[in-house]
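Engineer: Chain residues, written in single-letter form:
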Amino acid sequence: MKKIKLLEIASARSGDKNNVCNIGLMARSPEFYAIIKEKVTAEKVKTHFKDLIKGAVIRYEWDAIESLNFVCNQALDGGASRSLRMDTLGKNFSSHLLRMEIEIEA
Amino acid sequence: MDREIKKTSPLNPLSKGEGANDETTKTKMTVTINSSPLGRSGGASSIKIAGAQGFYGDSPKAAIQIAKEKGADYLVIDSLAELTLSILQKDKLKDENLGYARDIESMAYTLFPVAFKNGIKIVTNSGGLNPGVAAKKVATSLEKQGIKGIKIAVITGDNLLPRLQEMQQAGLTLENLDSGVPLSSSASEITHANVYTGAHTIAEALDSGANLILAGRVADPCLTLGILIHHFKWNLLPSADGEDQRARYQNDLDKLASGIAIGHLLECGGQASGGNSYAEWPMDYSISNLGYPIAEVFEDGTAIFSKLESQGGKVSRNTIREQLIYEIHDPSNYITPDVIVDLTAVKIEEIEKNKVKFSGIKGKSRPEKLKLSIGQMEGYMSDQFFFFSWPYAHQKATRFIEAVKEIWSTLPVNIERAEFSLIGTNGIHGDAAPLPAKEILDEINEIGIRVVVKHNDLKTGKICMQSIICLGLNGPPGLIGIPGWGKTDRLMLSLWPTLIPREWVKEKVEIVES
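Here the protein sequences come in this chain order: A and B.
Heads up: the first sequence is residues 1 to 106, going by this note's numbering.
Heads up: the second sequence is residues 1 to 514, going by this note's numbering.
Simulated from the structure, these hints should not be mistaken for laboratory data.
Any given hint could be a false lead.
Pairs of lysine-lysine, DSSO-like flavour, derived with a Cα cap of 27 Å [to be verified]:
no., chain 1, residue 1, chain 2, residue 2
1, A, K91, A, K50
2, B, K61, A, K91
3, A, K17, B, K137
4, B, K92, A, K37
5, A, K50, B, K405
6, B, K347, A, K17
7, A, K2, A, K54
8, B, K506, A, K17
9, B, K438, A, K3
10, B, K357, A, K44
11, B, K362, A, K54
12, B, K357, B, K61
13, A, K37, B, K357
14, A, K54, A, K37
15, A, K5, A, K50
16, B, K117, A, K39
17, B, K405, A, K54
18, B, K438, A, K5
19, A, K91, B, K117
20, A, K37, B, K347
21, A, K17, B, K362
22, B, K137, B, K61
23, B, K438, A, K17
24, B, K405, A, K17
25, A, K50, B, K137
26, B, K347, B, K362
27, A, K17, B, K364
28, B, K137, B, K438
Chain B is nowhere near these chain A residues, computed Cβ spacing over 10 Å in every case [said to hold, decoys possible]:
no., residue
29, M1
30, K2
31, K3
32, I4
33, A12
34, I35
35, K37
36, E38
37, K44
38, A64
39, N73
40, A80
All values reported here derive from a predicted model rather than from experimental measurement.
Beta carbons: idealized from backbone N, C-alpha and C, even for Gly.
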């Protein structure tokens, strides 16, 4: 087994809806999609973001575009218009997810 | 839903004396308005719609180029991100005549003339909280340039602030969609309440011959769907009962859903054509003149996405895929006022360089309720930035923050909340980002600091920031901090999303002719 960062096998885009941030994780190939589908669970995402996400993370599988969509509740410090954070819109939730490490067959 | 189309007498933009000067007369030029409904798209069976702006404040450059090259029949300008109404409300609190996306004032000189000259129609929700005033501003600007014969449609009815009390008296609890608590449990002052409305007013305005549509809170993708309904005469609602009708309506539902998905792909401008892209990183194309997405839509609801060859950017399966997933929750239930969209069987195929075919979208009947977004006052925030350089940059910054906390704890003010972050280590991701190793931190070139306070009055922010300036001389060596880098007393508004029955919504389409 070896450790890789999601950045090596996927891209991501995140955005806001009030206090909810969604992160689309798009595998770079169908083979990589099988890997992220198996390894990147909602629980793992919730843990990876520590205090940034206060609510539940829901994962949607989107086979047609080899993507997972993570809907993160209570994730934006109340929402962009009242957040004290620098990244009020959660644009860099994508970046942080791509930093996650997973173990794959060497 | 009730609605009315009202034709008003032509606006006289010169009635207040504005612009009635010699200079205006001299600079008048003749612009022939081409009203052909199909500029240069591939015949009557298809129509080209371009995403002309992705947010309030976006550059009009890409759209101007599309207009010049007649690259589309329609330009869709989505000015209203969820947050934007809060921004516009701040304007409107200062001046009753504001509250619309003010960049349309300059677009009336840069983009609109070339678009109208080339027979391109413009559909936008830039009207924000004040579409009527926005229309007057645009009409005045067009008149000043000698441009006449433009029909501007003003779409209103999304403002439900005057009826909130009545709704509550009628038994609506206006529960917060996120927390489930009723609106009555919140003591915060309400600033605005706007309901997300559907595509039908856009279609009706275009049916009436409007060249420019200035709407309020029409849902972003419904701007595009309205154009498609106008052009292809898709049915928004089943016309009658019966097996045959239902089958036909399912067919229409799929088309409506596809129209919404296409609108969703266009509504963020350059984000669908290679901007903000990890998928295409390192972005081996020009981003300084990024071409915006253009959808050629066919009667069956499928589309081909492209961009101008003359511009930068890229349209690929990746760029379309990453915009499709943007700000979507459940991909099998993307809820909009007109149709619930199932995106799970989508097909995105690259058919040639910078051309992507889009199909496979399914629709379900529209939701019973509409989303109402209520704005509330949340107090103020004030922030400021500081920097330290090598040596000891991280230690100095940490020590500085300790001193700030000590000073603020002694102030006779009410700080509701204070946050401190180190730009360079945890400014964006807080503690979720791993702290660099001590050897790196000890040698780091520079560290920034952001301090931010939330407060409920107009004195606390200033007092807080003033109280720590002394650390420039009293604190760790080499502090850099220029007053004005941060901002004091920024008004904070929160959003209270809720659902309401459709019966409460009565929209209005008003045509103003310049």
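Engineer: Tell me the hint numbers this structure goes against, listed in increasing order.
Structural biologist: 3, 4, 7, 10, 11, 16, 19, 23, 24, 25, 28, 33, 38, 39, 40
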